[in-house]
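Residue numbers (UniProt numbering), protein chains in the order written: chain A, 1 to 95; chain B, 1 to 95; chain C, 1 to 95; chain D, 1 to 90; chain E, 1 to 90; chain F, 1 to 90.
These are calculated hints, taken from the structure and not from any lab test.
Hints may be right or wrong, so weigh each one.
As a list, the in silico DSS-like pairs of lysine-lysine whose alpha-carbon atoms are at most 25 Å apart [stated by the list, open to error]:
1) F:K15 <-> E:K13
2) C:K51 <-> B:K70
3) C:K51 <-> C:K70
4) E:K7 <-> B:K16
5) A:K63 <-> A:K51
6) F:K15 <-> C:K70
This one's a predicted model, so the numbers in the text were calculated from it and none came from an experiment.
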Amino acid sequence: MDPSQLAGIPPEDERKMTAMVESMQVRDSLRMYNSLVEKCFSNCVQSFRRKDLEKDEERCVTKCCEKFLKHSARVSLRFAELNQQTMEQMGAPPS
Amino acid sequence: MDPSQLAGIPPEDERKMTAMVESMQVRDSLRMYNSLVEKCFSNCVQSFRRKDLEKDEERCVTKCCEKFLKHSARVSLRFAELNQQTMEQMGAPPS
Amino acid sequence: MDPSQLAGIPPEDERKMTAMVESMQVRDSLRMYNSLVEKCFSNCVQSFRRKDLEKDEERCVTKCCEKFLKHSARVSLRFAELNQQTMEQMGAPPS
Amino acid sequence: MSVNVGKLSAEEKEKMYSAATTEMEYRVELFNKMVGSCYEKCIDKKFKDGDLNVGENSCVDRCTSKYWQTVGIVGQMLGAADQAAMQQGR
Amino acid sequence: MSVNVGKLSAEEKEKMYSAATTEMEYRVELFNKMVGSCYEKCIDKKFKDGDLNVGENSCVDRCTSKYWQTVGIVGQMLGAADQAAMQQGR
Amino acid sequence: MSVNVGKLSAEEKEKMYSAATTEMEYRVELFNKMVGSCYEKCIDKKFKDGDLNVGENSCVDRCTSKYWQTVGIVGQMLGAADQAAMQQGR
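Work out the full structure: start from the sequences and follow the hints.
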């Protein structure tokens, strides 16, 4: 849903929409947080002989996290391009 | 929740229930769409030397999708039967 | 969100909060039910030559379920302790 | 088990709709997990053909039946306490 | 495709917001699944380095492109019936 | 950190409840993922016995501790920008 499609949207509805989008973004970033922890934990932590992370497990988690964020940023760029291309092919005016 | 259990349901509530069920169905079919893409992509696409799908990857995705839909339809039939049998065993009148 | 942070909460809001927490708990326990079934089915049921569970598959599902519940209870204890420790380290008064 | 909805208060109605939603979400998820589990157990992933063969078809039938029985066993195991919580959702 | 929201009834508005929410949730999930799938396909899990190397970068670009094409094929396959349901969500 | 809820406007209340819901959902998901991850890492899947043995028990204790530390590291890595977004959800 492109906001520019909405003509004459009353202020109270716009506020409602914005609040909805914001709460979805917060929820989504918290979900991403959780799944990033799960992914890097499962890839980096293998031994359970102590209760604290080993130095190399800690380093691995850090790199894993860094790499995932870079990966995610790259996919985000490509995703936007692909969306754009698809809209243009469908004859919609580029926004 | 069997609708027949609801006696004297006022029209505005019925409309609300119907809207809820409809929005759930739309959401569920979009979720199914996403998970079908993920499944068939992960099973069929292995090489990343080009940016377009190979002919056999495309064929694989098509077959994968076809097969999943048939599988899902069959499970749906069985699911309905099993629900029905369970209701009958619990002594509830078959609807 | 610690309820003790909320001063002067009106009764109707408290009721709303309680209802929200309750519905979340019901939803979460049903989700746990579904994922426990999935986990134990996938670990214990391997043969599909008959339509009824073999005796050893049934036993496996029972043990799997028992074990998961004990595991989950133990994690729950640890989770509470870790939360508590973190709050104390952050200088918040223990509640 | 029949309920005269017209006589319920706004709050009771709200609760009933919320319980009905939760119940429906539970059933949809149960169905989706059954589809997924039996797909993993029964379907050949080579995708030479778009049809289910005889073996896959009968595997799916038995798989759904066994899955349903597993739902029953796990439900019993979750026992009294959780049963109560689930009753609310029903 | 532009809609004058101010002239809609409360019920129509409710529907529109619900459809917009569903659509946004769909796109977020599509993006998340693309991130996850291409992560599995392209990223080396040894984590010696925090940067993506040249091979990983070009794999990610091709992977997203192929994923998008897969979305298109599956969308076509889901066909008329589901297309209709999806139209509602759009 | 204490808030006098009675003095908030309807809109502020709505926001607070929504933030509290998101926060609770986050914690529930965190707990569920910890349960799942430590189950995969520590529990023997042969299911001869319905009890956790000594090795499994101590593995679970260490696993939860290491998982918690991982939450901390990832949280730091997500840094200022996301931290802000998370603050909102708290």
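Okay, the hints, checked on the actual structure:
no.	hint	result
1	F:K15 <-> E:K13	holds, 21 Å
2	C:K51 <-> B:K70	holds, 20 Å
3	C:K51 <-> C:K70	violated, 30 Å
4	E:K7 <-> B:K16	holds, 22 Å
5	A:K63 <-> A:K51	holds, 21 Å
6	F:K15 <-> C:K70	violated, 37 Å
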